[in-house]
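Respectively, the protein sequence lines represent chains A and B. This note's numbering applies: residue 181 is where the first sequence begins, and numbers increase by one. This note's numbering applies: residue 21 is where the second sequence begins, and numbers increase by one.
Hints are not guaranteed to be accurate.
Sample of chain A residues lacking proximity to chain B, with all beta carbon distances greater than 12 Å (derived) [unchecked claim]:
| no. | residue |
| --- | --- |
| 1 | P721 |
| 2 | T799 |
| 3 | V966 |
Listed next, the in silico DSSO-like pairs over lysine-lysine satisfying Cα-Cα at most 27 Å (straight line) [unchecked claim]:
| no. | chain 1 | residue 1 | chain 2 | residue 2 |
| --- | --- | --- | --- | --- |
| 4 | A | K416 | A | K347 |
| 5 | B | K42 | A | K246 |
| 6 | A | K899 | A | K347 |
| 7 | B | K100 | A | K194 |
| 8 | B | K109 | A | K188 |
Derived, one-sided and incomplete: chain B residues facing chain A with beta-carbon distance under 8 Å [unchecked claim]:
| no. | residue |
| --- | --- |
| 9 | H50 |
| 10 | E69 |
| 11 | E70 |
| 12 | Y74 |
| 13 | P75 |
| 14 | L82 |
| 15 | R98 |
These are computed hints drawn from the structure, not numbers from a lab. All figures in this text were calculated on a predicted structure; none of them were measured in a lab. By construction, the Cβ of each residue, glycine as well, lies at the ideal position given by its N, Cα and C atoms.
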Amino acid sequence: MLSEWRNKTVLRLKALFRRKQLDRDMEDEVAFHLSMAEQKNLENGLGPIESRHAACRQFGNCGLAKERTRDMWTFAAFESFLSDIRFGVRMLVKNPGFSLVAVFTLALGIGANAAIFSVINGVLLNPLPYKDPERIVAMRPNDSPPNLVDIQRETRSFSQGGGINVKNMDYTSGTEPMQVRGGYVNAGFLETLGVPPMLGRIISPEEDVKGGPRFVVLSYSFWQNFLSSDPQVLGKTIALSGNDYTVIGVMPPNFVPPREHADVFVSLSAAYPDEASERDLHFMHAYWRLNPGMTLAQAQAEMSAMDHRLAGLYPDSETDRRTVFLPLQESLTGSVRPALLVLFGAVGFVLLIACANFAGLLMARAVARRQELVIRTALGAGKSRLICQALTESVLLAIAGGGAGLLLARLGISLLLSLKPAALDRFNSIHLDVHVLFFVFGISLLTGVVFGTAPAWSVTNLNSAESLKDGARGSTSGQSANLLRKSLVTAEFAIALVLLVGAGLLIKGFSRLRSVSPGFNPQHVMTMHLQLPEARYAKIPRQTQFRVQVLERLNALPRAEAAMVMDLPLSPNYVDPRVVVDGGPPVAAGAEPRAQTNSVMGNYFHVMQIPIRAGREFTPMDREGQPLVAIVNEEFVKERLPHRNPIGARIDWTRAPEPQRWMTIVGVAADVKDSSLGEPADPAVYTPFSQSEQAWRRWMTLVLRTSGPVPGLVDEVKKQVWSVDSQIPVSDILSMEDVMAVSLAQQRFNLLLLALFAVLALVLAGVGIYGLMAYSVSQRTHEIGVRVAIGAQRRDVLRLVVRDGAKLALFGIVIGIAAALGLTRLMASMLFEVTPTDPVTFAAVAFLLAFVALLACYIPARRATRVDPMVALRYE
Amino acid sequence: MKEKRENPGDLLQGTLDLLIMKALARGSMHGYGVAEWIHQTSDDVLKVEEGALYPALHRLELRGLLTSQWGTSDNNRRAKFYSLTASGKKQLAQETEFWRRMSGAVTRILQTA
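Just chain A, same shape as in the assembly:
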């Protein structure tokens, strides 16, 4: 049977390409037959003309025989489908207004969906570019290199593991000093990800030791941009942060470390032997590869036991270990996942509304074409044939909509990428790919079929005799179709309300977030990042000298006041060592609370306008060799020094060696939002740069306050910095307001998108109800004419029409409120200081929608009032 079918298909396909030949053959075959029959008739003694006629008579209907034969050789169903398409296209082209509105409506819905889907596809669906990425787990929190070594030695769950910490490095082998991102790794890191280098090799475990050789593995982009893709690069040396590194490998183009981009990879032990052996410096982002057959749960159980063992061995630093493993993909997308899913849900709602409008349009058109269809039915057209035709048209429209949607999606994606929050930064695979194309084609087809079926069905499901009469009377027609349209409009309003409530809640939360005082005044503050190379600035006094000189020169500039801080508020860097208070309640070793620490120089608090609540600011006298001092924030006082005068109290880092080097608190500064505007301030300790003991923290941020915009300020600052040391790169030049904006990028991204979708939904719902009311007014012209003729006033007619629309909208709004109460809980994590059921937002949105509905009904209602009864009564 199957082979027979295949045989048929092959023959038919062949026939498809020689249709003319086939026709001629058939012609010839019949002609041959006729001539043979004619000849026989002649032999039997008939006359020549009679012979031919007899032969023809005998053959019967030549045309029918040929057509039947011909049908056999072709794909009859397929060809009727093609003719449906041709007819459909003709019908759509003949009604350009209708077609354009339908296509545009769908394009909006599908385009928005395709854009969001391509983000989801790039971020959540595409596998990470590592070997067997599902076997890789991420370790939380960060850990120290010695701990990683211990875990690697003891684990039976993992085949391999390694960590990375990305820090700025100075690249000085180029034409000007450049800051690049240096990935400080241990040997296991690249091995664990399982991506082989494109050139050369990666750092081996034997080289990843204290005093090991300074080798560097380059990223593809670094190799391309800074070394012009030199194929002979292996073995060459480049200068990074004042040291010479030998290039031993280049990674392939698509390789990115899991969390953040890095330009070069160097061994941490070779670059920073001292830090690499500190057990209590937990700064490595670590990743592990599960052994075959091991599960995450087994690994987790093993790790808990190891945590316990490490805590016993190193009580000073490892007491409260609580290591958690997460699947790599989850660890990278965990923060954006809920937001993306909410957005995807929202954009799905937009599509639903667009589809409802689409179905409404089709239905209106089908009702308008009812007479035609009824006549066709009466003439014997099969119901299934008519439905097929209607479906073909709706699918054609949907696919055109999908195509236009793709164009919109392309625009949408570039918009999305320009807004791209940092959390999506590492995902560079966001674009229209095959998956997205399939997705769009799929939803277009689905839309065309699902939302075309009801309209197609509703028109054929008619008693033709009844309909002919109905149509002839010109009364309110197609009751069932109208009911369906009304439900569609109600549903549109319900969905639009849900979206608008979502957007409203985000807007409210965002404006709350923006009005949160950061604790400093961000206006007219310029910031720039500087990093000192290790080779020439290994010791604190040398660093202090640089800092003092730079500040002196900058403060000599007119109209600018400059200071320095290690890490800016609201920027991602965050160091929080444990702090003990002299004379405080006794705390178990290793369990002391943490405090955020920051070093400053110059009048930092004054420049940032952070109020000093008690005591004083640092002065130039608080320098090396002088008594150690610190300024704490109010939160620190509240948590650690309750009921005490903080001024004069003494504190210290717990990891400082005995004897304690107590720092005396000389001032209390107001709280500053350090990690994010949405979170309360943590306890914080500020110390002077010049009294720092941590020579490895060689980076700093300049902050400059001006009274207003100062043109050329940045160039002037660079000049002054380079007059002190011409080899120092000046990077991350941002105003403080930019820094704040960057910290809000994720929220702004969510907000803008959801608001955009909500506006789309609002417009589509408005257009939907307008379309319905306009249509119903035109259908009821006769009735309205009668009403006016028997004395209805202008406002009676207005009320009649508006009431109809308002009922639908109100019904939709009520349903929408119920749905929104259930759904907004899903976005609780995206909201700041707003409950998901915020009554003000709900009320405002309901009023907005009601207003739009009234407006949309008012326009057709006004048209209804202008109905001239004489004309209306003659209508039809």
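Knowing the structure of chain A, use the given hints to seat chain B on it.
Below, chain B alone, put in the same frame as chain A:
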């Protein structure tokens, strides 16, 4: 992909197919020859309607039971010659057997008193 049109000759379609295959079992032949052979061999009892013959020939060809080739007829005209394929021969044997059993059964029933 069901054929929509009900064919008036449908009732005898199986029979016609069988007769065509039988005619071609003797060697390749053109459509006119098949019709003539059936007509003569049945002693002018069976008259194949040409309007049904050609669709039947093409249907059998599509099913892979026949193949065709263009050649020259006795009177030097271009004509399409059909011949039985291997699976056509098998099909002919099966249908012949089936026909025998059917007609025997029908005959037995008709012979009862």
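Status of each hint after checking the structure:
no., hint, result
1, P721, "holds, 91 Å"
2, T799, "holds, 94 Å"
3, V966, "holds, 48 Å"
4, A:K416 x A:K347, "holds, 23 Å"
5, B:K42 x A:K246, "holds, 24 Å"
6, A:K899 x A:K347, "holds, 25 Å"
7, B:K100 x A:K194, "holds, 18 Å"
8, B:K109 x A:K188, "holds, 18 Å"
9, H50, "holds, 7 Å"
10, E69, "holds, 6 Å"
11, E70, "holds, 4 Å"
12, Y74, "holds, 5 Å"
13, P75, "holds, 5 Å"
14, L82, "holds, 5 Å"
15, R98, "holds, 6 Å"
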